[in-house]
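Trainee: Each chain, letter by letter, is given below.
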Amino acid sequence: VCTSRFWFNYRHVANTLSVYRSVKRLGIPDSHIVLMLADDMACNPRNPKPATVFSHKNMELNVYGDDVEVDYRSYEVTVENFLRVLTGRIPPSTPRSKRLLSDDRSNILIYMTGHGGNGFLKFQDSEEITNVELADAFEQMWQKRRYNELLFIIDTCQGASMYERFYSPNIMALASSQVGEDSLSHQPDLGIGVHLMDRYTFYVLEFLEEIHPASQTNMNDLFQVCPKSLCVSTPGHRTDLFQRDPQNVLITDFFGSVRKVEITTETISLDNDLAGFESK
Amino acid sequence: ASAQFQLTVPVAVVFAPGSVPGDLPRPLPFRDVREMKNSVNLRTSITSRYETVYRSTTAQEEAALDVATAREADAALSPLQDASLGSLTVFVVPETSSLLPQGISVYVGKHRSALVRARGGLAALRTRLQQLTQVMSFTASSIATALSDRVPDGQLGPDARRHLKSSLGYEITFSLLNPDPKSHAVDWDIEDAVNRYVQPVLDKLSLVANFSVDSQILYYAVLGVTPRFDKESSSFLLSAHSLPHVINPVEARLGSSAASLYPVLNFLLYVPERSHSPLYIQDKDGAPVSTNAFHSPRWGGIMVYNVEAPASSQASLPLHVDVDMVRVMEVFLAQLRLLFGLSREELPPEFLLESPGNEGLADWELDRLLWAHTVENVATVSTTLTSLAQLLDKIGNIVIKDDVASEVYRAVASAQSAMAKLATGHLYSAFQASKEAVTSSERAFFDPSLLHLLYFPDDQKFAIYIPLFLPMAVPILLSLAKIVREARQRKKEPTKMD
Numbered sequence: 001v002c003t004s005r006f007w008f009n010y011r012h013v014a015n016t017l018s019v020y021r022s023v024k025r026l027g028i029p030d031s032h033i034v035l036m037l038a039d040d041m042a043c044n045p046r047n048p049k050p051a052t053v054f055s056h057k058n059m060e061l062n063v064y065g066d067d068v069e070v071d072y073r074s075y076e077v078t079v080e081n082f083l084r085v086l087t088g089r090i091p092p093s094t095p096r097s098k099r100l101l102s103d104d105r106s107n108i109l110i111y112m113t114g115h116g117g118n119g120f121l122k123f124q125d126s127e128e129i130t131n132v133e134l135a136d137a138f139e140q141m142w143q144k145r146r147y148n149e150l151l152f153i154i155d156t157c158q159g160a161s162m163y164e165r166f167y168s169p170n171i172m173a174l175a176s177s178q179v180g181e182d183s184l185s186h187q188p189d190l191g192i193g194v195h196l197m198d199r200y201t202f203y204v205l206e207f208l209e210e211i212h213p214a215s216q217t218n219m220n221d222l223f224q225v226c227p228k229s230l231c232v233s234t235p236g237h238r239t240d241l242f243q244r245d246p247q248n249v250l251i252t253d254f255f256g257s258v259r260k261v262e263i264t265t266e267t268i269s270l271d272n273d274l275a276g277f278e279s280k
Numbered sequence: 001a002s003a004q005f006q007l008t009v010p011v012a013v014v015f016a017p018g019s020v021p022g023d024l025p026r027p028l029p030f031r032d033v034r035e036m037k038n039s040v041n042l043r044t045s046i047t048s049r050y051e052t053v054y055r056s057t058t059a060q061e062e063a064a065l066d067v068a069t070a071r072e073a074d075a076a077l078s079p080l081q082d083a084s085l086g087s088l089t090v091f092v093v094p095e096t097s098s099l100l101p102q103g104i105s106v107y108v109g110k111h112r113s114a115l116v117r118a119r120g121g122l123a124a125l126r127t128r129l130q131q132l133t134q135v136m137s138f139t140a141s142s143i144a145t146a147l148s149d150r151v152p153d154g155q156l157g158p159d160a161r162r163h164l165k166s167s168l169g170y171e172i173t174f175s176l177l178n179p180d181p182k183s184h185a186v187d188w189d190i191e192d193a194v195n196r197y198v199q200p201v202l203d204k205l206s207l208v209a210n211f212s213v214d215s216q217i218l219y220y221a222v223l224g225v226t227p228r229f230d231k232e233s234s235s236f237l238l239s240a241h242s243l244p245h246v247i248n249p250v251e252a253r254l255g256s257s258a259a260s261l262y263p264v265l266n267f268l269l270y271v272p273e274r275s276h277s278p279l280y281i282q283d284k285d286g287a288p289v290s291t292n293a294f295h296s297p298r299w300g301g302i303m304v305y306n307v308e309a310p311a312s313s314q315a316s317l318p319l320h321v322d323v324d325m326v327r328v329m330e331v332f333l334a335q336l337r338l339l340f341g342l343s344r345e346e347l348p349p350e351f352l353l354e355s356p357g358n359e360g361l362a363d364w365e366l367d368r369l370l371w372a373h374t375v376e377n378v379a380t381v382s383t384t385l386t387s388l389a390q391l392l393d394k395i396g397n398i399v400i401k402d403d404v405a406s407e408v409y410r411a412v413a414s415a416q417s418a419m420a421k422l423a424t425g426h427l428y429s430a431f432q433a434s435k436e437a438v439t440s441s442e443r444a445f446f447d448p449s450l451l452h453l454l455y456f457p458d459d460q461k462f463a464i465y466i467p468l469f470l471p472m473a474v475p476i477l478l479s480l481a482k483i484v485r486e487a488r489q490r491k492k493e494p495t496k497m498d
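Sequences listed follow chains V and H, in order. So for the first sequence, the working numbering puts the first residue at 1; every next one is plus one. So for the second sequence, the working numbering puts the first residue at 1; every next one is plus one.
Just so you know, these hints were derived from the structure itself, not from any lab. Note that the structure is predicted; figures quoted are calculated from it, not measured. Glycine included, each C-beta is placed from N, C-alpha and C at the ideal position. Don't take every hint at face value.
[Said to hold, decoys possible] Covered stretches of chain V (chain H as the covering partner; in silico rule of three or more C-beta atoms under 8 angstroms from a C-beta of chain H):
| hint | stretch |
| --- | --- |
| 1 | 2-11 |
| 2 | 76-88 |
| 3 | 162-173 |
| 4 | 257-267 |
Taking the hints into account, I'd like the entire structure generated from these sequences.
Mentor: Spelled out as structure tokens, the structure:
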């Protein structure tokens, strides 16, 4: 979810698209991704390179690409729609691609970025979502068993305040900065004229580029990404609500999609007799 | 929420002449009841109640049993039973009867009856009966897996969350994947195969849910994994641990109906490229799998269909391939059974199960599914409504519309009716009631009007209202104080002045 509008918040859209791209590369199909972008950077009139969103200066990596499916765009990204997607309380006319059709065996990854403060995240410069609302939404999801395990990543200023209030089981949270700290952006690009990425997401993206679908890297490695020397802010994480040990949790459990598979050993026997059969 | 389930199974034990044990407590016919209680967790328990009627055969039943094989007896007996859903009839035949093959003591038919060889006294018969009900009706563990979100995590069996959840409908999609259309022009008569083989099974399952079937052909769809070439067998092999990565690249192209929210079951038939033929799937021990197919719980199944290399290497490409739909459907329907959890578990010794043939599943297997789904539905309704009540307690200022309220009442009434019907052994009406209850409770819980954006944390209330009201309040309070002082002074003055 990218919650910021306006051209100078280019980096938030780039953040979100980078995570989207990694997740698709590791196997999650579009039908299982809900992408919310609050503003259109690729076709923004101020974009000197139209139809692209770059994540690295020198324009090495175009994260917009050919294959982006944005489910909620522009003014549709509101706190109300976000909570509706999470809790499932959606008007019946909403199409399948805009819904979160998860069940009790789904592992959900939620990535949010934008401007935030102590206990809130700003949506579209006009409203906010508080950490208590988010915690309540997750509890509603747990009550209906809409997830098996949930990984929540947030890249904003004072991001750790957003996960302080969670109380539902099986949630692991990562944030780019502690309460009282600001998350900083990575590097400006003089050609485009804005900062391209935030530091935390930049290093997370670098980390994820090394992961492939059969990788055995676990969550503890993700916690080490972006130490204070590189990130200036101190990333935090919360694992007390999570039942498994982070050591045993694979990155691909959330970022990729590795299914349980069983060999079929049975067949049934069908009679292929035509007598007594009417064709419709 | 606490739930005490009582599941009643009506059982009839019918003695053929010459099979009555000597140690009956009372002369035929008589009834008895056996109950067993299982606790799933602190507040949920299941009581299984078997109401058994013991009687002797009628003349028609005797005639039906007077045939050569058990299968014919089963076919002859079934029109004579008015076996309602959930009930069982057990025919006890004399020990010397030739209906049952050698070494087999129990024969389970396609419908709702079984044949048992009389051996020993009543106690031995009762043991057999208990084994039979475990096979044909429900077991404590099959019901517990239906209640898997109430079972403490450590005690979940391997079957938990493996079978499809109870839903009002399912979408089935058959897809033919042809990555190499230049070499293979594949033709599959899917419509005919669906009408002939799949439709009878779905008709039988139509009691459980609505099914919709569609099919598609995808060209240039490749597996995400490169198979290994094995020199010994000169074939290509897909090892078991690479199978989980096969599904994802394909899934992106599968698509699903935009309008329906039902779970989708995908059955894929993959015809390997000419350069990768023949392709076999290896199991964990390295042996090729006979069905050449695998499935993923709650998703569907994939089968690899190898095309025989043409006899002469000068054959013109593309080769025309006519898919043998019988072979394919045998595997797909078996996978469908496995996805629904209808697989044959470990059978006790000396049991023989009749194959259900083209119908795909026996009547008692349908009953097993209905027991599990009914219990799951009622448990879901109970959890949903309890959590809705807790939400309303916590957030006092949500407005409940009238239609939401009526859905809640309807859900409660249906759930209570379902529990009552389960306790009296009427499985069909219990299942219908549980479906209505689930529909109503889901509609109530997920009603869009219940989203509370009226959350006002206390510190935000202060933060917003104090700067507004405090400056206004200061002069108001001061002038109020002044008025009070003046009023008091006026009261005092009259006494002073006289």
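Trainee: Within the assertion that chain H covers the stretch 76-88 of chain V, do at least three residues meet a Cβ-to-Cβ distance smaller than 8 angstroms?
Mentor: holds (count 6)
Trainee: Count the residues of the stretch 162-173 of chain V with a beta-carbon closer than 8 angstroms to any beta-carbon of chain H: does the count reach three?
Mentor: violated (count 0)
Trainee: Counting residues of the stretch 2-11 of chain V with a beta carbon closer than 8 angstroms to any beta carbon of chain H, are there 3 or more?
Mentor: That given contact is violated, which follows from only 0 residues of the stretch 2-11 of chain V lying within Cβ reach (below 8 angstroms) of chain H.
Trainee: Test coverage of the stretch 257-267 of chain V by chain H using CB-CB distances below 8 angstroms; three residues minimum.
Mentor: holds (count 11)
In the structure shown, a violation is registered for the earlier hints numbered 1 and 3, in ascending order.
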